[in-house]
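> Given next are the chains, with one letter for each unit.
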Amino acid sequence: MVAHAEIRVVHRGGSKINFREPVITNDSRFLLCASGESVKVYSSSSEECVHDLQGHTDLVSGIVRNPSNHLQVYSCSADGTVRLWDFTDGILIKTFIIGYPIYSIYVSENHGGVVFVVVPMANDKSSELFQLVAVHLPRSEDQEVEARELSAVLCDVRPSGAASFGREGEYIAAAKGLQLEVFFFKKQKSYRFFLKPGNKKWAKNAFTCVSCHPKEDCIATGHEDGKIRLWRNFNQKKEYTYSTLHWHHGAVNTLQFTPEGTNLLSGGIESVLVQWRYTQETQMDFLPRLGGAITHIAVSPDGSLFCTSHSDNKITIIQSCVKVSAVIQGLVKGEGVRTNLMIDPRSKALVLNGKPGHLQFYSLHRDKLLYNLDIVQQEYIHEEGLDQFEVVRAAFDTRGDWLATVEERTQKGSELEINLKMWAYDEKTQSFVLNTTVTAPHDDQITAMCFSPSPETTMLVTISFDGHFKAWLLADNSDTTAEGASWSCDFVGGYHLLKPGCCCFSADGSLLAVGFQEVVTVWSPSWELLTTLSQPPGAIRDLCFGRLSCSKYLLGTSTKNQLCCWNLLTCSLEWSTPVDVSLLQADPLSENMAAFCSQSGCSDLFVFKPSEPLPLYSQRALCTGKVQHAVFAPRDQMLESCEEHAQWLNRSQLYFLTQHMDLMTFSTKSEEDRLLASSKRLMVDDSVAVTPFYLLLGKHRQQQEALTNPMAERIQLPQGSIAIKELLYTPAHVLPSASFLCSMFVRSLLISSSPAREEKEPVEEEMESEEEDSEGEAELRDARQDLGGSAAWGPGEELGAPALTKAQERELRRVKHFDHSWLSSLLEC
Amino acid sequence: MASFKSTKIPIYPKLGEKVTPDTLYWKNYKAPVQIKEFGAVTSIDFSPLAPHNYAVTASTRIHIYGPFSQEPVKTFTRFKDTAYSGKFRSDGQLLLAGCEDSVVRLFDVSGKVALRMFKGHTKGVHVTDFTSDCYHILTGSDDYTCRLWDIPNSTELTSYKEHTDYIRCGTTSKLNRDIFITGSYDHTLRVFDARVEKSVMTMDHSQPVESVLLYPSEGLLVSAGGRYVKVWDLLKGGQPLVSLKNHHKTVTCLSLSSNGQRLLSASLDRHVKIYNTTNYKVVHNFDYAASILSLALAPDDESIVVGMTNGVLSIKHRKSPEGKQEVAGKQRRRPVYRVFVKGRNYVPKNDDFLVSKPVKSNLAKYDKQLKRFNISKALDTALESWQKNRKPEITVAVMKELDRRGTLKNALAGRDEQNLSQLLNFLIGNVVDPRFTPVLVTATEMILDIYQAVVGQSSVVDRQLVRLQELVEREIDYQQELLEVLGMLDTLFAASLPRKEVPCPGSSRPNGLAEGGLGAPVPQLQAA
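Protein sequence lines correspond, in order, to chains A and B. Counting from 1, one number per residue, gives the positions in the first sequence under the UniProt record's numbering. Counting from 1, one number per residue, gives the positions in the second sequence under the UniProt record's numbering.
If you're looking for bench data, these hints aren't it; they were derived computationally from the structure. Just so you know, not all the hints are guaranteed correct.
Unchecked claim - Far from chain B, by Cβ distances over 10 angstroms, these chain A residues were calculated:
id	residue
1	Val-50
2	Thr-57
3	Arg-65
4	Ile-93
5	Glu-128
6	Val-299
7	Ser-304
8	Ser-347
9	Gln-378
10	Phe-465
11	Asp-542
12	Asp-580
13	Leu-616
14	Glu-672
15	Cys-742
Unchecked claim - EDC-like mimics (lysine to aspartate or glutamate), calculated; alpha carbons at most 20 angstroms apart, straight line:
id	chain 1	residue 1	chain 2	residue 2
16	A	Lys-412	B	Asp-433
17	B	Lys-5	A	Glu-383
18	B	Lys-8	A	Glu-408
19	B	Lys-371	A	Glu-383
20	A	Lys-412	B	Asp-403
21	B	Lys-391	B	Asp-433
22	A	Lys-187	A	Glu-170
23	B	Lys-123	B	Asp-143
24	B	Lys-371	A	Asp-387
25	B	Lys-371	A	Asp-374
26	A	Lys-552	A	Glu-574
27	B	Lys-365	B	Asp-403
28	A	Lys-552	A	Asp-542
29	A	Lys-227	A	Glu-383
For every residue, glycine included, the Cβ atom is placed at its ideal position computed from N, Cα and C.
Let the hints inform the model, and build the full structure from the sequences given.
What follows is the structure in structure tokens.
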């Protein structure tokens with residue numbers, strides 16, 4: 001195994017972004033959300049991911065703004081730490097170690113230096129009871145701080161989303177089950193209010209969420225039955241009152257008051273954002289059909305932007321409750337992947353079923369959803385317990401011209417509804433267009449389908465539990481009708497009324513293998529049964545033809561722990577091994593096959609060539625549970641790895657979905673190195689936009705800093721001439737204003753001494769010290785102080801300084817700051 | 001925010017024949033005009049001259065009809081016995097007819113009395129024709145001879161006695177005055193050249209030949225006899241080209257459409273089939289009331305005239321294109337193009353503030369109701385649309401959508417007598433339609449469940465329920481019968497399919513089937 005150490009299983013993309021409530025920054029420019037073990041910073045206008053704040057070692061379970069600094073956020077995680085981040089630069093400022101897994105975090109402006117976190121009551125992860133504790137964050141210069149000063153506030157709270165601070169942080173309200181608890185900090189006293197269980201059919205009174213009015217003493221609570229209750233006068237045990245609002249027909253998932261308290265936003269399974277006017281509750285505004293069920297609502301501090309998280313791994317940004325301005329969509333994984341993982345041959349995107357009734361095209365390289373293709377084309381009714389059409393199968397032909405989909409709807413007490421749809425790729429619109437719909441193509445579920453890879457015919461084969469397989473052919477009847485080509489059934493085949501389970505075309509399309517329980521039947525294109533192969537006992541689970549030089553082999557896996565390889569030329573068994581293969585996948589670009597085997601609750605991977613029963617590569621205990629879906633994605637550019645065991649990753653990359661719906665892949669050392677290098681380069685590029693102006697100033701300074709010798713003055717002239725050159729060769733329309741350049745230009749020609757600068761230095765130092773702390777890289781600070789102390793540090797500043805305004809000065813300082821980080825990284829290397 | 005997706009109305013495949021340019025062309029005829037003749041109509045011939053009158057030979061008369069007249073414009077009655085084969089000469093001035101009394105008569109079209117009588121045959125003459133030079137005639141008779149005659153002095157030129165049975169059809173070449181072809185009940189077609197003593201070509205049709213036809217190019221010959229229509233290549237020495245078997249009774253008559261692209265064949269099975277002459281596929285089909293004996297097409301396919309055994313002459317005229325234009329002229333004047341593009345190509349100025357208007361999507365009425373979750377109203381609207389334009393697809397689609405939403409029961413409930421009877425009416429009309437049955441059966445069951453309690457309160461509803469019951473019972477019986485037929489067919493197919501042994505190589509013992517296993521597997525084929 002030592003030899004294999006350099007191939008790693010890495011988590012690649014597609015993590016959840018709707019796990020916890022997102023946070024909009026004060027200036028509404030960024031949106032932060034918890035995504036797996038990191039925090040993602042999105043631009044709220046361009047939908048692009050700006051930073052990925054990495055540092056937590058377990059699931060991030062909450063993000064809040066730092067009430068005392070609007071450029072910082074706290075995040076908490078199940079790894080027992082609270083971390084403070086600077087999200088504009090993507091820098092970790094501080095880590096507070098709490099020591100218990102944290103499930104959510106709350107802060108209030110009026111409780112400075114304190115965060116409220118939800119931790120389990122008993123000190124182990126499996127505990128079902130949670131408590132809300134206040135944590136005093138110690139003031140310390142250190143990077144990592146132990147925060148052990150915990151004081152319990154509320155016992156028995158829900159792990160997330162059921163606590164809210166009231167007016168000016170005077171009280172905190174939390175709800176669980178049928179009980180609402182309000183804790184007043186001044187009195188150090190809590191009141192509890194109970195509702196009746198409501199055993200009638202439509203009265204499920206349990207609390208689902210709670211939100212407090214920011215200006216008045218009012219608590220809004222959402223309930224299972226879709227009601228919203230507004231509680232008032234709750235600072236006593238007896239004479240509290242509540243009024244009830246009812247619009248939602250399903251449970252209210254989330255409630256949020258706008259910052260001024262004029263509106264109350266609510267959302268639920270209906271996927272309608274409802275805006276209630278506070279005090280005029282009969283007036284409502286609706287924003288319907290946002291996507292999946294609304295799970296969280298967040299409002300920007302100025303109230304201009306709302307954002308809603310949806311159950312389909314999506315965040316919608318809404319401008320003042322009328323217009324959807326942006327949609328951030330993650331990989332939709334839903335309850336399970338019904339279709340297999342596929343690669344679109346054109347866009348090289350990963351394709352699987354996403355939103356109900358849609359296929360999603362997900363770019364693996366950019367970790368971004370490209371688009372959703374509406375397959376069912378029906379209005380989705382957001383209601384629980386409703387059977388709707390689901391995309392269950394999909395297949396691409398080899399060139400990506402055709403897409404076939406199967407949608408299915410099972411309804412209790414009535415027969416199965418199946419539709420088979422063929423989609424043609426339209427060059428003009430760059431998407432798939434529906435060509436043919438076949439209603440009820442089979443009498444029972446379609447278990448598999450595949451396109452014939454042969455270039456002459458466009459043929460699809462569907463396999464169904466009704467004991468038949470059907471071949472569908474593209475019939476070009478354009479000469480008789482104006483409609484053009486459409487699909488029709490060409491052949492119906494079966495074998496002794498056995499139920500077929502899988503099918504596979506050989507690489508050239510000259511053979512079709514269909515597995516009928518224990519028997520593999522091999523058919524020619526003219527639908528003659530050529531031969532039958534069988535290796536009893538055990539039904540055939542998966543079939544795969546070899547590729548390229550191994551195309552004479554047919555591989556099959558059976559339910560009784562058997563992996564067989566038949567030679568089709570001799571029609572005999574070549575070899576077989578007793579392994580329980582849960583998934584067999586062929587690399588379309590090479591001879592390699594990947595077999596995922598499940599053994600004692602874990603999955604193993606074997607990569608082999610059909611010609612020899614020895615694995616090229618094997619990895620034990622890949623992940624827990626069975627791997628049901630995997631796909632080989634072709635690489636953009638071939639990797640040139642010379643190690644024998646890593647060569648199978650050269651042409652394509654193997655992606656697989658674990659039981660917990662995490663998308664994983666294999667990566668080699670060299671690839672990781674390359675990625676790391678590119679990300680480093682990217683970070684530098686990120687910090688300062690590459691404009692001609694930047695090049696002008698950047699090069700200017702870079703040169704000066706590289707030469708930190710006392711002889712700096714001497715090379716002023718050539719440096720100046722470079723500046724002149726830059727100035728002259730840069731297009732005029734991208735240059736800063738002439739008044740700004742003029743002084744610099746002139747000064748670059750002069751030989752200057754630095755007298756005026758000395759007074760300014762201390763002030764600047766002070767201002768920067770904060771930032772330095774935040775950065776926390778000791779050696780960087782050292783480097784900078786060295787630089788700052790030296791005489792060479794000045795000239796860049798000095799050049800601009802007399803002509804600059806305050807704002808420009810600050811800007812320049814920022815630029816300078818970035819420059820150092822870049823330089824330091826250079827030095828590290 | 002996605003917009004509301006409207007209810008999908010499925011497009012059901014059109015059953016029956018496909019609409020092709022051919023069907024459009026051949027359906028573009030008016031309803032047939034029927035004229036009763038005195039006996040079976042044995043021959044129809046169009047005059048090549050401008051008004052294109054046609055001669056109809058039936059019983060002992062020949063009637064000449066004008067192109068649009070219902071009454072004959074002229075009648076020739078001077079026949080002692082049944083007349084046959086009334087033919088116009090290529091200048092349209094003379095008419096030739098054979099007769100059962102073995103005399104061939106030549107008439108002037110304007111006269112009444114025969115100009116010439118050709119006597120010599122000993123039995124009835126069924127075939128007459130002019131040669132291309134207009135001075136000779138060809139006759140074929142039941143006395144097994146065919147003869148050439150000179151018109152001016154009505155003398156017999158030559159006689160050929162090569163056939164061994166009745167000669168019932170023949171034609172002369174339009175390009176060469178010496179060549180003619182005859183077909184006989186002795187199953188042969190013979191090509192004769194008047195310049196030689198014997199037939200120059202013989203083809204075996206293997207059925208009594210009823211009709212022959214030469215292509216305008218005269219390279220191909222078509223013959224009809226028995227159930228077969230055969231095409232022969234004369235330039236390749238009479239090689240058979242195609243044999244068509246599309247009729248199930250004797251084919252009696254052949255004709256070519258005006259452009260020579262389509263071949264028509266008429267048969268005793270009461271059908272006229274139209275073939276494409278490039279691939280000899282049937283492109284269209286006419287049905288008639290009785291067995292057809294004769295068929296002719298006017299020049300430019302202006303009319304199709306068919307004579308039948310019961311003496312009915314059926315004439316179909318082509319629909320005139322002017323009629324259509326009149327209808328178009330009556331249509332409401334649409335707003336001019338300018339109205340639609342008004343303001344569309346306006347380019348905003350630099351300092352204009354643009355107010356974008358959201359594109360309004362047009363939803364159907366029922367979709368608007370569905371969008372607001374007004375389920376009963378949506379169903380009402382859908383039913384209304386069915387009453388208005390009799391399109392059950394929409395109503396069924398809305399019902400399906402309601403069923404999908406799980407609210408069909410609520411939408412069906414709470415209806416009064418009138419509403420319910422309307423609903424039942426719809427169900428009675430469509431529940432047995434195989435396209436709608438899956439949806440409507442659920443709806444019917446729901447209605448019966450809901451309104452169980454009120455059965456017997458309204459006579460209208462009760463009557464409809466009884467009708468529905470009868471309908472369903474009849475359908476069940478029908479399905480039963482169909483299943484029986486299917487079972488019978490399966491047996492027949494199974495018996496007719498050759499049993500094919502699948503190669504089961506002996507060497508593949510470990511992977512092949514166990515010897516005592518399933519035996520020789522037979523691929524199960526099913527009609528798609």
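> Tell me the numbers of any earlier hints that the structure contravenes, in ascending order.
Hints 9 and 16 are the ones this structure does not satisfy, whereas the remaining hints hold.
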